[in-house]
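4 protein chains.
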Amino acid sequence: MSKRSFASDNNAGIHAEVIEAIAAANDGHVIAYGDDPFTARAVKLFQKHFGRDTAVYFVYGGTGANVLGLKAITKPHEAIICAETAHVNVDECGAPENFTGCKLLTVSTPDGKLRVEQIKPLLHGVGVEHHVQPRVISVSQATEMGTVYTKKELKTLADFAHDHNLLLHVDGARLANAAVSLKASLKEITAEAGVDVLSFGGTKNGMMYGEAVIFFNKNFGGDFKYIRKQGMHLPSKMRYISAQFQALLSDDLWRRSAAHSNRMAQLLGSELAKIQQVQLTQPVEANGVFAVIPRKYVPQLQKKYFFYVWNEEISEVRLMASFDTTENDVRDFVAFLRKTVQ
Amino acid sequence: MSKRSFASDNNAGIHAEVIEAIAAANDGHVIAYGDDPFTARAVKLFQKHFGRDTAVYFVYGGTGANVLGLKAITKPHEAIICAETAHVNVDECGAPENFTGCKLLTVSTPDGKLRVEQIKPLLHGVGVEHHVQPRVISVSQATEMGTVYTKKELKTLADFAHDHNLLLHVDGARLANAAVSLKASLKEITAEAGVDVLSFGGTKNGMMYGEAVIFFNKNFGGDFKYIRKQGMHLPSKMRYISAQFQALLSDDLWRRSAAHSNRMAQLLGSELAKIQQVQLTQPVEANGVFAVIPRKYVPQLQKKYFFYVWNEEISEVRLMASFDTTENDVRDFVAFLRKTVQ
Amino acid sequence: MSKRSFASDNNAGIHAEVIEAIAAANDGHVIAYGDDPFTARAVKLFQKHFGRDTAVYFVYGGTGANVLGLKAITKPHEAIICAETAHVNVDECGAPENFTGCKLLTVSTPDGKLRVEQIKPLLHGVGVEHHVQPRVISVSQATEMGTVYTKKELKTLADFAHDHNLLLHVDGARLANAAVSLKASLKEITAEAGVDVLSFGGTKNGMMYGEAVIFFNKNFGGDFKYIRKQGMHLPSKMRYISAQFQALLSDDLWRRSAAHSNRMAQLLGSELAKIQQVQLTQPVEANGVFAVIPRKYVPQLQKKYFFYVWNEEISEVRLMASFDTTENDVRDFVAFLRKTVQ
Amino acid sequence: MSKRSFASDNNAGIHAEVIEAIAAANDGHVIAYGDDPFTARAVKLFQKHFGRDTAVYFVYGGTGANVLGLKAITKPHEAIICAETAHVNVDECGAPENFTGCKLLTVSTPDGKLRVEQIKPLLHGVGVEHHVQPRVISVSQATEMGTVYTKKELKTLADFAHDHNLLLHVDGARLANAAVSLKASLKEITAEAGVDVLSFGGTKNGMMYGEAVIFFNKNFGGDFKYIRKQGMHLPSKMRYISAQFQALLSDDLWRRSAAHSNRMAQLLGSELAKIQQVQLTQPVEANGVFAVIPRKYVPQLQKKYFFYVWNEEISEVRLMASFDTTENDVRDFVAFLRKTVQ
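Residue numbers (this note's numbering), protein chains in the order written: chain H, 1 to 342; chain E, 1001 to 1342; chain B, 2001 to 2342; chain U, 3001 to 3342.
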């Protein structure tokens, strides 16, 4: 199997600047659990990027970030509205329901993006005790389908949410890719768009582990330190997550890496579009490419390049570019694909 | 503040061999979530140390390891018997109750060790639906009080457990220190002593993050992959935990590091014993030293050396040695203490 | 407002034979929590109706019966497949998710009935830890849409379930109405159809309170006494539920009452069918009638007869007949409706 | 076995006035789930007894009342302080932990009563995320040991609670017995003593089923209607609980019944005190009598009079008087006991 595939941005390794930052942090003793200078500096850097009044907490991973962030803003009789394809709905083994106690109300949406019109019908039953009470709209940015909400789309959702006593949560495992795609700062597509709570992902963008939960409205983060600890996501040697984030948010590393993976996805998408037997199913807006490849070719392709079949029914596959994907990786894959389908 | 204190073995950094192993693993793409060659090799190494038939799963941290391991062997109407001082009882912000649903039945025990005679009275009510049903005895090895169960003590607890339809869980955040203290292999004090489920800690012994949940009885691990994922403890870039564990379990690193920290604790304990104003409160059997230091000296000491007051009522402090503690660190601290209390 | 409306079978009172049975049980002391002769007799009667090897437990109400029965056969990382309209999905304020920890996987089905073809696509992902693992198919009999599964339809679901390591749960809040509709015994449409766990409802059929959870496969009921107590549904003065069930299952009271309410629904349905402005939306198979009534007439009708609008979008209303509904009640309502819409 | 024993006030039947009220409520249709005139009247009556600004909710039973009332005022990372002997700690099969997610912090107290001095040491760790955060002091009134908090004792606890950001919860399964014992109104020992949340029991005082959760501080009851429904304790035919409470709170029935059972307990206690082989272990302040009876006589006594051995170690038994206990019941039992121990 090839050393670099297109299966997942989680299959990539760690960026060299990140691993250097870890090594540099490995000096002497510091207080565990986050009361250390590395964490203080990283939090400041986050506040620089996301706004001075944000509350920032680091956790081990993305599922933890989503679930615990949602737990901080819900009660168990409330409900979380999300796309059917949302990571919180399909890829977290029921953790959101299990740990928040909430029901997920899902909306079928082909491009992975929620729209206000789809949410309105879920608000029947507000105030009636037989039914769960919608409290959060949770969107993924970029979405699991490789698409990106525009600033205006986000703002529309946020305004609708706030007009209806709802909050807007963003699963930003690939927020960096979205920001690059929109040519926006991190703040413009979060704080300024009206987001209330954010999971900001590092792992899919070249970190080893570590995600951040960010509260833009300090009303909601007050208990989070307890929620994080009880949620089993308070890292003891916190400094090593903080050092990674410091690297990611310095010298534009987050942007350079995301820009690269987006560009590689663009290249891959445009090359695939030239192959007659292959149909792209989504616009390529971040670092993912979705395409229908005739079923009969899939096993042979997977022998050399492991990747996931996203939708078995129509033989749609997902191909992800990473910070370390090279043009040659793309061209080799496309050449192999071309040869296979001929 | 001194670069190396005695506050916690979590305040230390990462062992050089561990950080090298991480860097060496940072090569190309591998499948995420554990289906990679690093993890396969690490699991084999665990099986070499703990027994061929053990099931091994890696998680991010120690609270996760304890809680999810316990969840795998309990139902919510059951109870977990532990020492009042147990990490699961006092230092996990209620995560065990919250995520297993179980009640913790605690036993007051000055040296942190459970004994069969203390457990027997908790078994009244077996079969009566009004009461939670005891299912697990959970012990810490080494204990939170720096003491170590002998092989025979463990075996006695395991036999009692198995005779009463109970299971034996070990919180082994400092199992390496216990093994060194007992001059035993890891297998002798776990599999061979009758332990059913173990949390094996890496972080307190020189790793960056990562703990292992080990089932010695494969009946109990069947669902663990789901429990881990739903429990938000399935690391995506698993290879970096696996690589660390590979380093720890190779070339006796686990033993060298634990032996060193135990030795430093011995040195510290014996030096403290010479100071008239200080009284050791527990035998020094692992890498922790517990001592009463007159209350009036504590603030001045903490200015230079941060450490925790374990028991406010009697001014008992906890001092932990780490893999990187030096003889000079000990002697400097003792000299400063001596000077302070004169 | 009229003394008897068509809003809900829960709005009706208690059948005279039930209230007599309660009074008759009110004699002296018996042991609380179910260890009494009334309960012993009631359980025997259940076993006569449902099969000798069934395990029977009484609880306070229907939501408790559903949720705790489901909890007894699931683990938190598993999933429950049900109709979008299922009571467990829409009318229990998220209790199933909250107390079982499971996700509900819902199927859109206009008549409230699940079919195998709709369930198959939900079984992708079996064995993959990122996804919840389907474990139960839960159906309502009669359904929330007033329809009834035939014996063959149930058997087909049960066989499919058992072939795929799934269990079949029945929410039988209106099982009596279904049995009457199918001219079947209670056993034929449960034990003999392959049902694994049943909520058997008394309240909607003339009892004051009390439902039964019945396990047809004794493998699954073992822990239920603890689940019920921990689930806050172990009635202390159990005899009064048992006495009610004894009345219900004696002298065919369950059948007489259900047959009557079904008949009244038939009458109501056939009368409504004659009114041009009203369209029935479901076949009348049990004691519920679903009909579209032009929106403009609804408020005036509700002034005299309170009822629920089931589907706001199409102005579909739900009308339920009860054990105490009279022919005159039906004719008065129809006359009033006729007058209103003229 | 005798028709009336001293095993439990739950073994008694229903008071005649209660059963009449049920029958009287059985007239026509009313809206289910509490939106009915019976419930409106009952709530008013509660407000008359407990204060105009109280929020009152009915549930099926006592465990539900305690657990859901506590859930309304806690978050899962908080803790509930109670006596080791508290019903919430020992007799609810872990429901409080399971449904609130909270840890119970227990205090050993021979007479079942908490005192401020015992609570203070549990407040170490406030603000530290590793530890659960105490939020509620929960007391039973009368206690499980048959003792009664004075108004002053309650007030002291309430004041301490409120000074430390804690709330005071009362498990009032036997509040009527306490009020009679203290010659106080229900309001004096709840609202006026500073209680925040109360479970008010009907079942142990002659009702069939039904308890009330009362919030004296309306800040805390806002979500309770959802918590009750999700907690599976929203009775559909609510009117029958309301009618019972109406009877209980009218014409002093609650007081007459409790006064009678207290008096019978007094008689029993004073008679037992005359028997040399028997030692009372607690003052008789409500309707329970605790006494050591030599172990060897217990089985013979239990043949005729079923009762519970409360403390196996010292052969302490619990004897409860009920609203329907007669003087003859007491004298017969005492005579039989006397004969047995001679």
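Please keep in mind that the hints were generated in silico from the structure rather than gathered at the bench. Wrong hints could be hidden among the right ones.
[Said to hold, decoys possible] In silico EDC-like cross-links for lysine to aspartate or glutamate, where the CA-CA straight-line distance does not exceed 16 angstroms:
#1 E:Lys-1151 with E:Glu-1188
#2 B:Lys-2225 with B:Asp-2027
#3 U:Lys-3225 with H:Glu-129
#4 B:Lys-2120 with H:Glu-129
#5 H:Lys-225 with E:Asp-1091
#6 U:Lys-3120 with E:Glu-1188
#7 U:Lys-3225 with B:Asp-2091
[Unchecked claim] Quick partial rundown of chain H residues pointing at chain U, CB under 8 angstroms, derived from the structure:
#8 Glu-17
#9 Lys-75
#10 Pro-76
#11 His-77
#12 Val-126
#13 Glu-129
#14 Asn-217
#15 Lys-218
#16 Asn-219
#17 Gln-230
#18 Arg-295
#19 Tyr-297
#20 Leu-301
Quick caveat, the model's predicted, so the values are computed rather than measured. Where is the CB? At the ideal position from N, CA and C, for every residue including glycine.
Each hint, compared with the structure:
With a C-alpha separation of about 8 angstroms, the suggested pairing of Lys-1151 (chain E) with Glu-1188 (chain E) holds against the 16 angstroms cut-off. Proposed proximity of Lys-2225 (chain B) and Asp-2027 (chain B) is contradicted: the alpha carbons are some 26 angstroms apart, above 16 angstroms. Between Lys-3225 (chain U) and Glu-129 (chain H) the CA atoms are separated by roughly 6 angstroms; this keeps the pair inside 16 angstroms, and the hint holds. A C-alpha spacing of about 33 angstroms is found between Lys-2120 (chain B) and Glu-129 (chain H), which places the hinted pair above 16 angstroms, so the restraint is violated.
For the proposed pair Lys-225 (chain H) and Asp-1091 (chain E), the alpha carbon gap of about 14 angstroms is at most 16 angstroms, so the pair holds. In summary, the hint linking Lys-3120 (chain U) to Glu-1188 (chain E) is not supported, as the alpha carbons are separated by about 43 angstroms, beyond the 16 angstroms threshold. With a C-alpha separation of about 14 angstroms, the suggested pair Lys-3225 (chain U) and Asp-2091 (chain B) falls inside the 16 angstroms cut-off, and the hint holds. For the restraint placing Glu-17 (chain H) at the interface with chain U, the shortest Cβ-Cβ distance is roughly 31 angstroms, beyond the 8 angstroms limit, so the hint is violated.
Of the supplied interface hints, the one on Lys-75 (chain H) holds, with its beta-carbon coming within about 6 angstroms of a beta-carbon of chain U, less than 8 angstroms. Hint on Pro-76 (chain H) holds. Least Cβ distance to chain U is approximately 7 angstroms, under the 8 angstroms limit. Because the closest C-beta pair between His-77 (chain H) and chain U is about 4 angstroms apart, less than 8 angstroms, the hint holds. Annotation: interface hint on Val-126 (chain H) violated; nearest CB of chain U at approximately 11 angstroms, more than 8 angstroms.
Because the beta carbon of Glu-129 (chain H) sits about 4 angstroms from the nearest beta carbon in chain U, less than 8 angstroms, this interface hint is met. Evaluation of the Asn-217 (chain H) hint against chain U yields a violated restraint, the C-beta minimum of about 18 angstroms exceeding 8 angstroms. Interface restraint check for Lys-218 (chain H): the shortest CB-CB distance to chain U comes to about 17 angstroms, outside 8 angstroms, so the restraint is violated. The interface hint given for Asn-219 (chain H) is broken, as the beta carbon of that residue sits about 15 angstroms from the closest beta carbon of chain U, more than 8 angstroms.
The restraint placing Gln-230 (chain H) at the interface with chain U holds, with a minimum CB-CB distance near 5 angstroms, inside the 8 angstroms limit. Interface restraint check: Arg-295 (chain H) against chain U, minimum CB-CB distance 44 angstroms, threshold 8 angstroms, status violated. Residue-level restraint check for Tyr-297 (chain H) is violated (minimum Cβ-Cβ distance to chain U is 49 angstroms; threshold 8 angstroms). At a threshold of 8 angstroms, the smallest CB-CB gap from Leu-301 (chain H) to chain U is about 47 angstroms, leaving the interface hint violated.
In summary, the structure is inconsistent with hints 2, 4, 6, 8, 12, 14, 15, 16, 18, 19, 20 from the numbered list given earlier, while agreeing with the others.
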